[in-house]
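Asker: Chain residues, written in single-letter form:
Number of protein chains: 2
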Amino acid sequence: MKQSQLFSHTLKEIPRDEVSFNAQLLLKGGFIYKEMAGVYDYLPLGLIVLDNINNIIRSEMNAIGGQEMFLTVLQNPEVWKKSKRWEDKSVDIWFKTKLKNNNELGMGFTHEEPLTVLMKNYIHSYKDLPKFPYQIQTKFRNEIRARSGIMRCREFLMKDLYSFCANQEEHEKFYEIIKKAYYNIFKRCGLGDITYLTFASGGVFSKYSHEFQTLTAFGEDIIYVDKKKKIAVNKEVYNDEVLKNLGLDKNDLIEERAVEVGNIFTLGTKFSQALDLKYTDEKGKSQDVFMGSYGIGPGRVMGTIVETSHDEKGIIWPDAVAPYKVHLLDLRRNQDDRFYSILQKNKIRVIYDDREINAGVKFNDADLMGMPYRLVLSDKLKNKVELKRRDSKDISLYSEKEVVEILKGNYK
Amino acid sequence: MKQSQLFSHTLKEIPRDEVSFNAQLLLKGGFIYKEMAGVYDYLPLGLIVLDNINNIIRSEMNAIGGQEMFLTVLQNPEVWKKSKRWEDKSVDIWFKTKLKNNNELGMGFTHEEPLTVLMKNYIHSYKDLPKFPYQIQTKFRNEIRARSGIMRCREFLMKDLYSFCANQEEHEKFYEIIKKAYYNIFKRCGLGDITYLTFASGGVFSKYSHEFQTLTAFGEDIIYVDKKKKIAVNKEVYNDEVLKNLGLDKNDLIEERAVEVGNIFTLGTKFSQALDLKYTDEKGKSQDVFMGSYGIGPGRVMGTIVETSHDEKGIIWPDAVAPYKVHLLDLRRNQDDRFYSILQKNKIRVIYDDREINAGVKFNDADLMGMPYRLVLSDKLKNKVELKRRDSKDISLYSEKEVVEILKGNYK
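Chains as they are written, first to last, in the numbering used here: chain A, 14 to 425; chain B, 14 to 425.
Derived by calculation from the structure, the hints in this document are not laboratory data. Some hints could be false.
One copy or any two copies: either way a pair holds, since identical chains are not told apart in the list.
[Unchecked claim] Calculated cross-link-like contacts (lysine-lysine; reagent style BS3-like; alpha-carbon spacing at most 30 angstroms): (1) Lys94 - Lys41; (2) Lys257 - Lys25; (3) Lys97 - Lys111; (4) Lys406 - Lys25; (5) Lys414 - Lys113.
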């Protein structure tokens, strides 16, 4: 991408009410645009980051048997009344709207109910189980306050997978499998070292649910972390009995602020009973399907990456989610596309700052926008290229050939 | 994909109120699921078709300088009041909702207004023009009747590109370019031969807008087609003056039913004036930005393909949009994955019917689901594979090697 062609660009002025680093940096860097509190558009570079995260999530979900589908925003109240989640007194974050005939509709904040009804068409026998449909789809939640940038939105993308198993045993097997897939996702997104499996309150069918919490000063949650054992306990269930239960010692735990980047939850037969999703087992007996739900907010992951990976100059994107791997700054009096074309031919994802503006602006924008590698072409450097990683202070000079080999990971 | 693993499957019973072929066949084939009138979920196979169409659209939009972004559903009324499109008396298809503080929000039925406001951050000088942002995003329209399956939905995906040009001349240049891109899209989706550029009513800034209308008995529109000249006139502007204007002869025109699969529209300065989007020209003078909008509904394209490409047995997907190129039916007593793996290794998109059910069901499902090629493995055929195109009656026997070469397009 030539930067001169990009319709979005960095901004100096952003809305004054933004208090979070993620929103400040993403707005300034030209990744997102604010429509209103908790409602953000994704500009071209932001959309690439979001798609990169989505594709990491997709590949991990597909690898464990997930099947992608796409459910609707508009929700039929009749379905939600059966599970007692329609009334505002039981769920206080609904956005609701109306058809022309004045019938109320909901805007989905999650999808257990409609999916359970849908699956009644496809689950009849034990042979139809287990199944793991998922989607990456927009959810709506009528939050009273939405002041955390893209971390807590009124409208946001969510990956939600639902498991449909024959019984608790089959469920627990899958639960361990998706736990590992979640670890993989956060690791691939560059959050592996600071993300902890965290015990949180469960439901009727399991003592705990599990959250994936990433340490950050901006987090809304308090967790107690055992860094050796790589697990944590959410403040909501932090007490002596739970610690004993989990074999944790108070003295090994550190209180930390963290943000929930994912959660996995045993639903049991709560929804299958309410909405009558049954199957016939091997002995011909009718049984309730045993369910679980597993969420990740790709936008929240993106915000968390920015919260935990930036400096005073701007964002530091990890390679796997960066919109481009390389930011090529051309400071020469006579700019040309030659080296940019070479990088493209070598399939290196590159944004080329070909704008006719002064070098200081180019350097500042590159730091703010945060691509993992910065390359500089300058008349002073003769035929060498200056290479700097965004997360390092070291600057080195290489030949064009060497730079290509480094970026392709072939350089020794 | 192994068909035994797929959570969705073909259905015999579908909602009785479905009158359209597209909804009937897509519901029976396991591509979509109906939440309510005009509101459909996409099941795994349906989502692949939709993604294939989206990716064709994306590649054509990117090729002409389109830049993908993603705007929000939730809409701030203040923006729409300025263009006089907030009140229900001016726009009668709004879905509206409310924040906790009772402030009303809209659910976007299109995005001229918010995007025009957004672009005020990025367009200042003539050097910032032209720009062509687009998105593939969910729209909401409160239709009184929604009885055309996925052709006219209350919630539906839309590709909307908006052009921002310095003046009418620059706009008209792009208008011709995107016209060609639209032809390419419909051609690649298999609708090229029956889709006509159709003159429809314009606005203040141009005499006509242009629709792309696909001939189908189920279409909501009446158009008059000149098949030689490959253009048509919408009934809404069909009169002697217009025909004279366009150099068309009444005797060359045939009245046809058609469905609008895309439209391109000159907006002029209507929205830039209302929302104050200006730029400074070469002479330092402030000018209104000249706009256009260009829509395609990927779901409607999918429905139109089904309407125009099916027989009494089911759907006939064109190769480019089919969920899989090949449907491999295994009728052998002892099924095994060997040939399925060979096809996969050759990167042929294949769905493998490995279910332990009778051959008749497999044949019927294959016809209903409509993959372009059907392959049969059977003990009767010894080491040969039976190949049949979905759109042909010819059945031939080939060796496994020959089949692979045919599917890879190498067979002479």
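Asker: Just pull the numbers of the violated hints for me, sorted ascending.
Answerer: Hint check: 2 and 5 fail, others pass.
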